[in-house]
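So the chains spell out like this:
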Amino acid sequence: MNASEIIKRDAQRNKVDPANALLAVNKLVQSGDGILLKENDSVLLLKKLKPHVVEVHLFTVDQPMMLSKSLLVFYKKLQDSDIQTVYGKADNPQIVDLMKKIGIRVEDSDLSQYNWKLVI
Amino acid sequence: MRHNSSLALLDIPDLPIDAFRHVGDRKIKPQGAVNFVTDTVKSVADIGVQAVKPVVKAVDDVAVGIDKFVNDEIPGGWVTVAAVAGGTALASGALGGAAAGTAGATEAGVIGAGPVVTGYAGTTPVTMANAGGLLSGTAGAVGNAGLLTGATALAGGGASPAAAAALSSQVATSGLIPSVVQSVADFTGLPTTLVGQLGVAGVQSLISGYSASQIADQQKQASQTAADAQIRAAQIAADAARFRPVGVTTRFGQSNFQTDAQGNVIGAGYTATPEITGYQDRLRTLASQGLTQAEQAPTAYAPLQTGAQSLFNLGQGYLAKSPEQAAQDYITKQQALLAPTQENQLALLQNKLFQQGRTGAATAQGGNLMNTNPEMAAYYNALAQSNLQLGANADIEARNRITYGSGLMTQGAGLQNAYYTGQTGAYAPFATAMDTSTGLENLAQNPLNLGVNIGGRLTAGATQAGNLLSGGITGAAKTMYDSNAFSPSGNVLSAFSRSPLIEGALNNLFGVQPQQKFVA
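Top line first, the protein sequences correspond to chains A and B.
Each residue of the first sequence is one higher than the last, beginning at 9 in this note's numbering.
Each residue of the second sequence is one higher than the last, beginning at 18 in this note's numbering.
Okay, chain A solo, but in the shape it has when bound (with noise of 0.2 Å):
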């Protein structure tokens, strides 16, 4: 599945327009701001805030044990690259206990437009 589709699905299912959401991407990446990592059916959309630290957004259509293993990749990229700081604000709490169960060091964000932050 492409990225557009999987973004338009994903905004879909979270009720938001997805010619908004396409075109919000899309302005993002060709800013120059935004870059975007594919793995399986799920897009992840890096937005950066300031050097080294970027606020990510994640685009699925994954099924579960899926996007565990994307969200794994993904996880892997961010780590082989000189990002330290990641934010994010997690819709479903329940995915902050998610990714520390997994050895993700997820803290609580220090900025109050996200929940979670992430120093790699």
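No lab work stands behind these hints: they were computed from the structure.
Mimicking SDA-like on lysine to any residue, the simulated pairs with C-alpha atoms at most 20 Å apart in a straight line are:
(1) K55(A) - A98(A)
(2) K77(A) - N88(B)
(3) K84(A) - V87(B)
Just the calculated beta-carbon pair ranges, DEER-fashion:
(4) A25(B) - V127(A): 20 to 30 Å
(5) T242(B) - Q121(A): 39 to 49 Å
(6) I128(A) - A244(B): 27 to 37 Å
(7) N88(B) - L57(A): 11 to 21 Å
(8) Q121(A) - N484(B): 53 to 63 Å
Stretch-level coverage of chain B by chain A, calculated; a stretch enters the list once three of its residues show a Cβ under 8 Å from a Cβ in chain A:
(9) 24-30
(10) 81-91
C-beta: ideal position from N, C-alpha, C; glycine also.
Model the placement of chain B on the given structure of chain A, informed by the hints.
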């Protein structure tokens, strides 16, 4: 408008409450705020799409653009994200500033002129120093194709991560003095001029990238080693489990096993000793004779069958009459036997009386009895007494005759049975010879059985040993894997895939109903 989801961080609005409200004529209200659509269409125009085209068409084009922008890896680190998306702008903008010499003293001296940096900006980016104010904003990064490529080259060059760390420390401590630049060039295989242009941070990033690549390579090698070890372990276990019979020789025979080049058993047999085969040859003659006798037995025992039939018929004659008929027959036959004697006695008595002239003489007997000749009276009294005696014996004799007839039938059955028994017994010489020969064959075959049994036990032991060895190798491979390649994400992945807790959490998280598992 609600902004509750994480996508609000990207300025993507949630659908309005009346998102699907009909506006008449079978149409619903278009989605997205008007201002946003205008903004996005404008952005689409920025990438070359005509703003006058329908929004839907623009969105389709955007989707195609997004698909083209998907990366396999994070290109060289986050600092250079801007270079990934807009290399041209970066080179002409931010790097132009760098070329103008406004960078910090050290980094500016290293990076040097803009054209060098511009050349990298168009390709794969790598982290470079952000020398305070030199590169700012989205242009705060400089492209460099060297990081990953260089790291790969390093990995193939045999340098160690420890050496990389030492070199990185040397770069940090001494800066890019000529000797250090030369060391880096030797380490990386890159020209010294290029190393100098990378700057301290760039060189350190390069070396850091090497370390990451080296670790990944080590992990790959460790995985391959573990896989090879497991394959080898499986081969050992399979080889150990292969059946290996044992040759056995006894007093009566010897086992023979044929194997192919791989040690697989392809044939088995045994050889009897000459003593056994000699016995068997002689027994074969006896068996042949015995079989001939058995074949002749029906003819030899045929008279038994004839006698049996005669007895059956005779006995049937006795048993065919009722007891009364049998008694009558007895009396009749006995009277017939006595009749000539009695007639002779009567004639002699009548002649005697005639000679004495007393043929008609009669004397009184007293009472109401008529007068009679005494001799004649005595004769007929004796005759009556004889008949009475016959009548008294008739019932006993009738029963005796029936019993006799039954006995004849039994004897006939005995003869018939003897006819069959005799024929069966006629096979005994043949069967005895064959049984004896079979026993001798078993004695000769015993070595084969012993070889199979002993081989089976040895194979079971070897299989267990092979399994233990296999398990040991596998365990060692796992141990070596952990020590050879430290990979947090790899360990996480492994644990992740095995953990039902995590799987359950995921299922709960995403509302997936787990499938029922059946255990046979």
